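Asker: Letter by letter, the chains look like this.
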Amino acid sequence: MTVDMVKYWLDESLLGEPIRWGSRGRPHLLSFQQLLQVRTIQYLRDRLEFPLQQVRPVIEELSGVLFPRLFDKEWHELRFSRTPTGEIGVSDGATTYEVKTGQMVIPEAVFTEFNEIVREAREDWVRGEVDIEGYPKLVSKAGVVAGSPTIKGTRVETSFIAFLVSKLGIEKILEMYPHLDKEAVKQAAEFEGVPVAA
Amino acid sequence: MNVLMDENLSGLGLADILNAHGEQYGCTFVTFPERHEGADDEDMPAIAREVGAAALLTINVLDFGAKEQYFRALVAAGVSVVVLRIRSSDRPDIEYITTILTKHVRRIARILDTIEQSVVISVTKDKVRPASLQEILDRGFT
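Protein chains in written order, with the numbering used here: chain H, 1 to 198; chain C, 1 to 142.
Calculated from the structure, these hints are not laboratory results. A hint or two may mislead.
Label-pair restraints from in silico Cβ distances [unchecked claim]:
(1) 107(H) with 43(C): 42 to 50 angstroms
(2) 129(H) with 35(C): 19 to 27 angstroms
(3) 102(H) with 76(C): 51 to 59 angstroms
Remember, it's a predicted structure, so these values are computed and weren't measured experimentally. The beta-carbon is built from N, C-alpha and C at its ideal position, and this holds for glycine as well.
Please work from the sequences and hints to get the whole structure.
Answerer: Written out as structure tokens, the structure reads:
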């Protein structure tokens, strides 16, 4: 950071009006906020390698209406970063915003998880079959009883089995439907919210 | 005429009881063939034809609306649908299901015997009500 650079940013109105303009042998007098802005510009340019034309609107936005709208914290408590879309992000430690749009930035880890969910949903859609989490014996297949949850490999609906279990108990169901296994019947009942005796 | 019982109802041992009542009306209930367990909806018309059935007997406990397309497809393929609709206030009892079906088997048989095109027949505790495919398309079936 050089004096000439700070002078350039002052001349470009990037830092606003200094408390006092300097002259030969007399330095410019900046406010604490402006010193933080200088540090921020330096960090964005040198460490995050953003060009000045991208930095300028960020400083302007943060100096203006955006800052008090987004954060309760002071400027010196903010952290800057490069968002996944290559924009300048600012974080107060809890939430990261893209300064340009003011939109929240989803953390990379959440993106990965989200993409995984979308991928699974797409595969389910292509297969026309949705596994029911926590109930490995059950399935919802688009082409079987119009997608109603059923016991895998059958057209027996969980809602009907649960209906019977509530009155007859699992053992009786197994007598009537010998091709069903006990765990499948138990899962069908539990899935439909019918309590099953241990 | 034959009526194919779906996989839900086939396990209940209802066929003999229903046939004892339906025989006098020329109505025979056929259990779902084991070899077709887990079959896709689109294969149901062929399975019905395989056992000589003009209708499918099914039961609905939840989400009737979700099955509307499935029922429409069956009717469009020439298979009537007899759907026993259980309400939440009904007692969950096989005897209760048996009683409703045996009580209405004559009316069901008569409707199936006289219709000129496939229909959905809604069966509740007190009522048997047929609806044409066009009626379903026009008004929905709720």
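Asker: Any of the earlier hints contradicted here, and which numbers?
Answerer: none
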